[in-house]
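2 protein chains.
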Amino acid sequence: MTATSEPAATFAAEKRPRSRTPVERAWLSTGPGALPVRESLGGLFDPGSVAIVGASENRQKWGYWLACGALAGRDRRQVYLVNHRATTLLGARSWRSLADLPEAPELVVVATPPGSVRREVEQGLEAGARYFVVISSGVGEPPSSRDELDLAELVRSRGARLLGPNCMGVVDHDAALQLCWGAVPAGQVGLVSQSGNLALEIGRLLGRAGQGLSRLVSIGNQRDIDVAEALLSLVWHEPTRAIAAYVEDFRDGRRLARALAAARAAGKPVLLLAAGRSAASGRAAKSHTGALVSSQDVVDAAVAQAGALRLDTAGQLVDAAVTLLAPGMRGGGRVAIVADGGGQGALAADALAAAGLSVPPLRDATVSRLRRLLPAAAGVTNPVDLAGAGESDIGSYASVVSALLTAPDADAVVLSGYFGDYSATSPQLAEAESAVAGALADASAAAGRPVVVHSMATTETPALRLLRRRGIPVFERIEHAAAAIASAARWAALSPADMPPFALAPPAGDGSYQRTRELLAGYGLSFPAARFAADADAAAEAAAEIGYPVVLKAMGLAHKTEAGGVALNLRDEPALRAALAAMRRRTRSGAYCVEAMVRRPDSVELIMGVRQDPSFGPVAMVGIGGITAELLADTVVALAPLTRDRARRMLESLRQAALLTGWRGAESVDLDAAAAALEAIARAGAEHPEYSELEVNPVLAHPGGATALDAHGVLAASPLPGPHSGRR
Amino acid sequence: MTATSEPAATFAAEKRPRSRTPVERAWLSTGPGALPVRESLGGLFDPGSVAIVGASENRQKWGYWLACGALAGRDRRQVYLVNHRATTLLGARSWRSLADLPEAPELVVVATPPGSVRREVEQGLEAGARYFVVISSGVGEPPSSRDELDLAELVRSRGARLLGPNCMGVVDHDAALQLCWGAVPAGQVGLVSQSGNLALEIGRLLGRAGQGLSRLVSIGNQRDIDVAEALLSLVWHEPTRAIAAYVEDFRDGRRLARALAAARAAGKPVLLLAAGRSAASGRAAKSHTGALVSSQDVVDAAVAQAGALRLDTAGQLVDAAVTLLAPGMRGGGRVAIVADGGGQGALAADALAAAGLSVPPLRDATVSRLRRLLPAAAGVTNPVDLAGAGESDIGSYASVVSALLTAPDADAVVLSGYFGDYSATSPQLAEAESAVAGALADASAAAGRPVVVHSMATTETPALRLLRRRGIPVFERIEHAAAAIASAARWAALSPADMPPFALAPPAGDGSYQRTRELLAGYGLSFPAARFAADADAAAEAAAEIGYPVVLKAMGLAHKTEAGGVALNLRDEPALRAALAAMRRRTRSGAYCVEAMVRRPDSVELIMGVRQDPSFGPVAMVGIGGITAELLADTVVALAPLTRDRARRMLESLRQAALLTGWRGAESVDLDAAAAALEAIARAGAEHPEYSELEVNPVLAHPGGATALDAHGVLAASPLPGPHSGRR
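These protein sequences, in sequence, are chains F and Y.
Numbering (our numbering) for the first sequence: 3 to 730.
Numbering (our numbering) for the second sequence: 3 to 730.
Keep in mind that the hints are not guaranteed to be accurate.
Since the list gives no way to pick one copy over another, a pair counts as held whenever it fits inside one copy or between any two copies.
Okay, derived cross-link-like pairs now, SDA-like style, lysine to any residue, Cα gap no bigger than 20 Å in a straight line [unchecked claim]:
#, residue 1, residue 2
1, K562, A510
2, K63, E692
3, K562, G93
4, K63, T90
5, K562, P691
6, K562, S118
7, K562, A494
8, K562, G358
9, K63, A532
10, K562, L103
11, K63, F529
12, K63, T637
13, K562, A94
14, K63, Q430
15, K63, R646
16, K562, G667
17, K63, A668
18, K562, D712
19, K63, G390
20, K562, S159
To be clear, the hints were calculated from the coordinates, so they are not data collected in a lab.
Nothing here was measured: the structure is a model prediction, and the numbers come from that model.
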């Protein structure tokens, strides 16, 4: 953002979902796996009445916490405690069975042994319940997946909905609904979690940071309500300003991506934790939920494409959430640093730069202003070094930070050092320090720019409490501040939701080179002239027609080059015939392709392809080819199909992208033609799922265009299984 | 370390400096900048008497804190408070002047305005003081560098020593010496800091982690005692088990590297914070200390070569220190994870893998053992998922962790999740939880392997306190645990201290291609045959002698290739004469070199060079050459000269090292010849500082050897300034 442009609305200020764009509608409602277009789970989060089956007075039991939580909301709704052996519990009336209730409970929470879950749910359905939350770790005696699936089907067949089993419950602070173990702090972050303990950890860390949860949905085994639908419920949930999610089982990845895109369109950042980056975590996820773990580059691409942020740990997620919700935060990447010493300033600058942020020099006018505010020994570059000014006048913190917040030099100000701890060592400074904290929050609000504090305090002082209450992020490590601001900048910089619609085409592939080539050519990919021939005479005739030099390829081989089935740059007929004879001996092939030999100055070899991901469907890939392709693995992926613009941005985001645009005096390749080639391949793969994989290696990108010099298709062994096929 | 090998001594167990190796002696004592070979600052840290000049009763003044700290040590030494206007202070006798003291104070601490510092030091010298610590932020009225330098010279000329000015004092807990602001927690970490606030921050974070400082040396402006000597004092300091340092001004980098190598040889990890990775922090360091900031790759290389670890933030440093000091820590990289749920286990595995550690599958015997300890729902792969076992029996944490500590599967165990917080929510579990904490520490000690805990606790519970007291690292974020274990593994894996000795040679360079080539050839670098010629006839004669094809180069040009001063692959005399004529027109050069044209199959172009770093002296560099050299910047540096072994390891650590060892069916290049070439260039640069830079681009590495195809030398403008020239 330049200094003169109209400031964008800050993240925290965007209170209402915007109306949906056409692109977003496509994400949301294309195909059979489409998401609901309006809130579908209202009664789950704010039921008129709730029944707790398995309510208990034993603090070691779930039934105790659920009952207490439910009773805490009885000003808002009718609460029925159900226990087969009690008539009063926790000072409230208790019922022997769901069948005995005087009215239909809208929501039934089941926390009984797995063997009795089915019976309780049946009774609940009889009684007219609309929602079930099953805490029990399984269904059936012994528990089985089959019994879980049957239960979900039963519930759905009655028009009711099921959360779980094996979930940790539901919390909605706005609706005074607290159905989980213990207490979670209230705040503006909605959380969907596939792990109970991670939900607890995130809740605690949010609480320490002065934030908390607006709503918690523990999805457990997702037998009916899945992560995508739970996420969508948060998009419609007014008090939720940012969304956190822990997912280890992507199932229908496109459906999840749609929910993420809907959140983005509503201006709500989604911060996603997804395990599976390492082999070991793949093992863990498998043993935990039996999840099929998607390829990590595909997960990353899908999440980014849908406009969401992927984080790696609970701590990172919480830091990012608090920072995205900070007053004035718009996600700009230019940061001004105010530090209590040269050392802390320098390390702060390094940490911010390492996180990808910029710490620009200050403009002369700003420097002059700071000089007037600070003693001569202070450093008035960026980072600003207070050099003891804060110790001699604690008000310096506020005046210097304010000066930077109102100057156009930076998008955010980081205050790093002693501030926040004066009252701990000098109690007489407590009041003054809190006043400065208030002034910092006021200055941020007035300037519409965020301030982020890194404090050396090791205890929670009144000043820090005040800052947190006002939404100012406070970190105890500078690297956390840096990572969090960088996350906000990354979120702001994502360009989501440009997935073009597509429809399946009639299957056209047979796995042969010829058909694959024709298919891709049909989508607009350029190939050199080619003729197919069964013997030397036909090949010679083809070559004469095409013109020498030519390339000869043997057909019907899995790995042509490795098997000696490719001969390049054949200059005349004798060379062609000799190559064909040698090739026939080596490969025993009875079919050949003769192609024009293409050589272009300043060309760059690219690899392009598309494959069917079991969870996310068609995924396009482009990379730099050549001899070091495998070694450098310089590739990018994105969900297919692609817009031309996204295809071009994929090319531009390659590490070696400079090779494409006139490296060391070469002419630039035709980037648009290369993007068009990638777009064509991506669409072909998306519309032809009979190919599990299409690869074009190389695509020769050159100043005049982009030419595919080979093509390789792998047919899918069988129709794709699971929710993915359902989506189609 | 394999399961059957003899376990190495753990880091914490190596209590005494080993005797020095020949290599280490070379690092320590070569040249005029050599470090002291025995403790030189004993009286600074444990003086028989101390005088505080500027002692005060005003808590806002340094003189108050220094006086209180000094008085706290009066059982061990005589304390003299000096204040020109008081006769008693803080209940103790106060003296009007240093001249009045009844004996020579061994150490004098000066905390008066800059204008009076010189006078106080002079009086101290008169009185016979041996050490001065100058807290005052400068010397002179107005303060000036000149006055600081003069003061240091005065002190040294009397055989005394000076710390500061502008320092934050000295603490030595073992010697009951506490001369700084506030209090710092006691522990096993020695700290040298160029920034007072960072010293405070590190001290606080160590205190929170259950560790603390053994000795603190705030070096301020380093006018006499510098960072290297202060570091060395910690090498000799028995209670110091690990060393932390914040440095922003490297001055004589070789001298610092020697101190780091001495610490390594003593088995004491040095954890170094050094600002300057970003442009902004370079600005900050400059404004703070006027420091010349070295190139960051050189700093990294020098620190690693000396066997020390560079960290980026105070938090990272403290995490690494605590973990290196953990019982049983030997730095192995295989980690077993025990988690309270599949989610936390999976994210822990990802965090550890991202940090470069391995989370290997467990052996069958270990899996069987875990299966006997855990319920059926638990995950007994790595990560181990307790799946609620800890909740039903808190003893599970100890039994499962013990089983892994005694199994040979991993070098360390990480426990991640709820443990440490049971007592906070269930006070009745407090005793049991502490017992488990004790059992964990016992198991670690018995097994000689470390356990590292990540706890969701947000308060300090008795169990966590016990763990920390026993030296078990406890983290509140899994990524901190991962980074800290990775730091320990990285420290253990460094191969330090193989800097070969070298001596300066008589200057031999004149910057010409011919002399540079001769110089490098004299060090053993292979060049193709070459003849120098002034005209076409001489060139033709030279080519006939060498044999066609040849290369023709025009002499006397700064950038031969760019100026059209190189013609490759000239096949016969007419081609040579034509090339020379064209070249003469273009370049107006009157001198040429005719060289044999070298082409080798399976060759790889390398760039090798050596340059004079203003702080670290000669630095060798090697990188992959070719068209993408600049783009990929695949280079490594190391202090020169090099052993053959280090040269080889530099080649092997290139990102694209696989290109050298038979990539995609090529023959492997002669790595030993390439290493020898690098060794030769590095030694030439080290022994000939009249060259500020020597570059050989390309060195053609091939299966038969390594051949230098060009050479370029830049003469230093003038003799090198500063401490670096002193070293020679």
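Numbers of unmet hints, in rising order: Checked against the structure, the hints that fail are numbers 1, 2, 3, 5, 6, 7, 8, 9, 10, 11, 12, 13, 15, 17, 20, while the rest are satisfied.
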